[in-house]
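As a plain string of letters, each chain reads:
There are 2 protein chains.
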Amino acid sequence: MICKLKNIHRFDSNHFRINSLFAPGRFQKSILSTNSDICSPTRFSRRFLSSEANATIEPKTGRRRQIFLLSSSIIIGAVLFAVLDHKRTEAEVKKHEISNLTLEFKRGGPKQLPIASHFTDEKDFSIGKPRLVILGSGWGAVSLIKELEKDKYHVTVISPQNYFLFTPLLPSATVGTLEARSLLEPIRGIIKHICAHYLEARATDVCFDEKLVEVSTGPDGDSFYVPYDKLVIAVGSKSITHGIEGIEHCHFLKTINDARAIRKTIMDNIEKASLPTTSSEERKRLLSFVVCGGGPTGVEFAAELYDFLTEDVVKYQFPTVLRKEVQVSIIQGSDHILNTYDKKISDFAEKKFKRDNINVITNARVQKVKEDHIIYKKKNEDEERELKYGLCLWSTGIAMSSLTKKISEKLPEQKNMRALVTDNRLRLMGIPDSSVYAIGDCSTVKNPKLVENLMKFFTDADVDNSGALSYAEFQAMAKKISRKYPITADHLKKANILFATYDKNKSGTLELDELHAMLDDIDKRLTSLPATAQVAHQQGKYLAKKLNKLALERSTAIFPSSTDYSVDGAEKENPDMDDRLEPFNYAHLGSLAYIGNSAVADFGTGYTWTGGWSAVYLWRSIYFSEQVSLRTRVLLALDWTKGSIFGRDISKF
Amino acid sequence: MICKLKNIHRFDSNHFRINSLFAPGRFQKSILSTNSDICSPTRFSRRFLSSEANATIEPKTGRRRQIFLLSSSIIIGAVLFAVLDHKRTEAEVKKHEISNLTLEFKRGGPKQLPIASHFTDEKDFSIGKPRLVILGSGWGAVSLIKELEKDKYHVTVISPQNYFLFTPLLPSATVGTLEARSLLEPIRGIIKHICAHYLEARATDVCFDEKLVEVSTGPDGDSFYVPYDKLVIAVGSKSITHGIEGIEHCHFLKTINDARAIRKTIMDNIEKASLPTTSSEERKRLLSFVVCGGGPTGVEFAAELYDFLTEDVVKYQFPTVLRKEVQVSIIQGSDHILNTYDKKISDFAEKKFKRDNINVITNARVQKVKEDHIIYKKKNEDEERELKYGLCLWSTGIAMSSLTKKISEKLPEQKNMRALVTDNRLRLMGIPDSSVYAIGDCSTVKNPKLVENLMKFFTDADVDNSGALSYAEFQAMAKKISRKYPITADHLKKANILFATYDKNKSGTLELDELHAMLDDIDKRLTSLPATAQVAHQQGKYLAKKLNKLALERSTAIFPSSTDYSVDGAEKENPDMDDRLEPFNYAHLGSLAYIGNSAVADFGTGYTWTGGWSAVYLWRSIYFSEQVSLRTRVLLALDWTKGSIFGRDISKF
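As they're listed, the protein sequences go chains S and X. Take the first sequence: its position 498, counted from the start at 1, is 498 in UniProt numbering, and no numbers get skipped. Take the second sequence: its position 523, counted from the start at 1, is 523 in UniProt numbering, and no numbers get skipped.
Incorrect hints may have been included.
[Stated by the list, open to error] Result set (BS3-like, lysine-lysine): computed pairs, CA atoms no more than 30 Å apart in a straight line:
| # | chain 1 | residue 1 | chain 2 | residue 2 |
| --- | --- | --- | --- | --- |
| 1 | X | Lys238 | S | Lys324 |
| 2 | S | Lys315 | X | Lys284 |
| 3 | S | Lys545 | X | Lys264 |
| 4 | S | Lys315 | X | Lys254 |
| 5 | S | Lys146 | X | Lys541 |
| 6 | S | Lys264 | X | Lys545 |
| 7 | S | Lys284 | X | Lys238 |
| 8 | S | Lys254 | X | Lys545 |
| 9 | S | Lys324 | X | Lys192 |
| 10 | X | Lys315 | S | Lys150 |
| 11 | X | Lys315 | S | Lys152 |
| 12 | S | Lys388 | X | Lys106 |
| 13 | X | Lys388 | S | Lys106 |
| 14 | S | Lys192 | X | Lys111 |
| 15 | S | Lys254 | X | Lys315 |
| 16 | X | Lys351 | S | Lys315 |
| 17 | S | Lys192 | X | Lys284 |
| 18 | X | Lys545 | S | Lys315 |
[Unchecked claim] Coverage of chain S stretches by chain X, computed from C-beta distances (three or more under 8 Å per stretch; other residues unrestricted):
| # | segment |
| --- | --- |
| 19 | 145-154 |
| 20 | 183-192 |
Hints are computed from structural coordinates only; laboratory data are not their basis. Keep in mind it's a predicted model, so treat the numbers as computed, not measured. Beta carbons: idealized from backbone N, C-alpha and C, even for Gly.
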């Protein structure tokens, strides 16, 4: 019963044998016999070295070898690990203690709902820890959770999705380049290190006076309150619709179910187009895919879709006429697609799409969406144009979710129509006691109005009371402002140029009116942070570090240790403590987009990268290293490998 | 830009370098740095050899190593293959010629619908080939397609599912042991070798007189006819409901969407049970899973569910009380679960389930299904019992689909209420010209009534006209009958014992009345073939071989070569040609079932295998080798590996 793993010897100088580890099944035999010629070192290296040359060899043989090589490595792995598996899990099961608490909740809050002051399973709840409630399970929430330290807070995460979704790769899931499940990471796994609680529910309202989050478990489910001492709102956004008529005919691409619905529709259309009784006109409509919005999501979807239709669909037994009639269009409001990226990148993407026959319509605004066509107008044109579609993706921007809207309406300090406004310490404006933070897409950091502080800046900086700022005085002021408002740092960086530009009368000093003009100009140039995963990620990280510090300060000095933190016990924290910590500072690391067997990268510092497969690997490697867990990293690598060997799956599921 | 793949050197005696193959990204660096200690041959072998010992090492470290080892092999593979990929596909795209045919169909048939006499893309259609239409994309249809030879028929496959589903592993997909997509194989890939056409549509009726299949493309889609010369019905079955009231509250497990719905409900229930406001009683209900039917599907589902709840759910941050309150029950009508298997196997499974606290209720019949509980009665008891459930799976057997029922009602020869009846050459009873076959779950092979042919058998066998059969004469007769009706072979095998048993008057010969008694007894013992994947698979294979032979005979001799095979041109084949070929003979290869970290196998010949992990590997290896394509084989191996390392995914998607 000696397993035939002889071929492995060649990998390894220490010869070894494996005795009776496995049952003697066809499994091992069949696998190992097929591998024999691949495992040979000469072939292995030859294959590796000649990969360029191999691209031109007879496809069938090449593919077989690829498959064998992959399956051999996979299956050896499978056999190795599975043997070790079950004992470990059995041990883990036994480790668990079981406790049971009866549940009785008092009612309270504005709606007299039950207040969930304790949880079913409170083995890890110690009185004395402040309650931190996190709403959401996206980028902001997860990067916050991952950085939070253990035992600092009694953490509760509330989200209707019990998983984190790796949104930047969502376009890849619409055509099966990646499996939807590879982009998911269960939130209950992420919260494990801080022994947090998770509630699969939707936060529907917040009562800031009594520090209660109103939570609903579904359309016909219960509602109840969850008390908090610190609240983090990270609920994200929904797609903006601009009030367009007929928007319900469009697909969106925000959730994993959106991706699934798109995948199903694409396959539906292709199958319908293949039926003999489908008319030519209808077939063309079914194969016409329209993307409204030329941002990264829209562009990546178009690229992935094009790849799928031209690379994978042709491999199967479909009527060839389909290939000819497929049409992908992008409708973009401004001059260029990817217009938030560097100009070079937009150009590259547009050229690539032109080569691929992807129809890019710029300067166009959608007027209406009908069941089978959209109506749009080009800028400076009165004529309405029509574009038939079989699938229309709407991805033009973001809008407030219902919770965000409700909170915004409740607080007079909240006047922004797109998002909740926070100060530069990410505290929700309008909540005086630093108990509520907002991060990610649902929030925007309020830009400072430097001009409003003109007099203060000037008198503080004018150390010698000369009535004008010398260059040294200006430099010191610029440094101070940069530290207080990190978003202005870029604009105050080149102090000498600034000084020279605004010293209009060439006096060698900056007078009050000259400083006024300068600060006014800077104010105008400040833009709000983009609603990207990167911003949310950094905000979550920043907030976690702050919360860790606050907990530490509280436990060592200011905060009494044995207070009752139930709903009645008010938060006794000094609201100014937060002020002493550094404000949030966003560091842009660059933007990436996949545009169909090529990728583009904009590193924000003026350095861009456009290119073919090298850029794709860069693109993949960056997302790869950003993955939340090792599990999703492995799944991602597997998906990419599967895709390159077997192509994307066309099963309509 | 030399990639840091030094570690690979150790696998290989020929040292080599790879220059500028990849972009220098974090990708390679991070991967290779994590692998450095694994790639070392000493560690590799040490790990491999000491796998027994390792099972007891500190779980965390062990797991990390497992993960590293897997990811290294995967990622090295990924990098290798992906580089070679894109050129190949580009070449394939260019290969395709594009043709476009205008579509005009004449109308006809009983409903005057369009007759799809040609397809959108007819590059591979040559006049002169008979039209073979296959309804379905399950086991029967696929094994038929895979064995069909090229250019023999103009093949059209019609099925509402554009994929083949590997049904025996479906219970594993309900809890994420396997990903649903790993069980699917696109039908358009399977039909490629015979250049067949596929229509994603549902056959709703058959007009046997005009040889037209009526096809509908959806609830509000078109209907049209597809003409055939040979028709194979392989549409499968649906779940039998026994007319139980409230059956709509139950889940079924026949399709991939069923598996998905079950997976979602399980996670829904667990999440709801974790909410603080859920009452104790409600929590117990939500965690109570009831399986109606103790056949392989029900048993495997119960086992998989139990594994998931006890192995994976505990790994995440769930209230521990859940673990205690989970209850899985199986309700079975007869004395034992798995009652079609060997008794030893039933016993083993029952003991295993008892150890696991899976509640097996035998001799019980479900009376009603209510929204949150079922009502059942035990045999010989009047009292109705109640069992609350959070999820109820109904898997008690199969019933006719709507098409099968329609066909059955149309033909007076079809009297069976469960399935279409065929002769032992799989021809549909009631169709005289051998133009329609039925295979798989939707059909049953009619058992011969030997008694009806008593006189013929007797006179044929009584060569010496003695009025009684000598042992030699009886032996010859038994052989003949066995060949003609393979299903009787088992019963006629031991001729000497039979002869002795029925030679009641010990005359040394068999008289007419003695033979009558024997044949009557054999008739009574004949059972119909089970509705299993194995039977469907063998039937498909048998039918393909026959169709290949028929096509050959037709083209060489009997069949005129230039006939018009359109709808008007009648099938001119000699209906008796089929009779000269061998009848279908089912060879039972054994049955398998997975019962939770153990598996059972019944090889049909009295040899059984029950056991722990060795049997699980046997179980996996057999299914593994049965997989339709290399793609699903690799995916399956990957899933099993992923599962053993990361556990099952709990994301509710």
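The hints, checked one at a time:
no. : hint                  : result
1   : X:Lys238 <-> S:Lys324 : 39 Å, violated
2   : S:Lys315 <-> X:Lys284 : 50 Å, violated
3   : S:Lys545 <-> X:Lys264 : 36 Å, violated
4   : S:Lys315 <-> X:Lys254 : 29 Å, holds
5   : S:Lys146 <-> X:Lys541 : 55 Å, violated
6   : S:Lys264 <-> X:Lys545 : 36 Å, violated
7   : S:Lys284 <-> X:Lys238 : 36 Å, violated
8   : S:Lys254 <-> X:Lys545 : 50 Å, violated
9   : S:Lys324 <-> X:Lys192 : 20 Å, holds
10  : X:Lys315 <-> S:Lys150 : 18 Å, holds
11  : X:Lys315 <-> S:Lys152 : 23 Å, holds
12  : S:Lys388 <-> X:Lys106 : 29 Å, holds
13  : X:Lys388 <-> S:Lys106 : 29 Å, holds
14  : S:Lys192 <-> X:Lys111 : 63 Å, violated
15  : S:Lys254 <-> X:Lys315 : 29 Å, holds
16  : X:Lys351 <-> S:Lys315 : 50 Å, violated
17  : S:Lys192 <-> X:Lys284 : 24 Å, holds
18  : X:Lys545 <-> S:Lys315 : 27 Å, holds
19  : 145-154               : violated (count 0)
20  : 183-192               : holds (count 7)
Hints 1, 2, 3, 5, 6, 7, 8, 14, 16, 19 from the list above are not met by this structure, while the remaining hints are.
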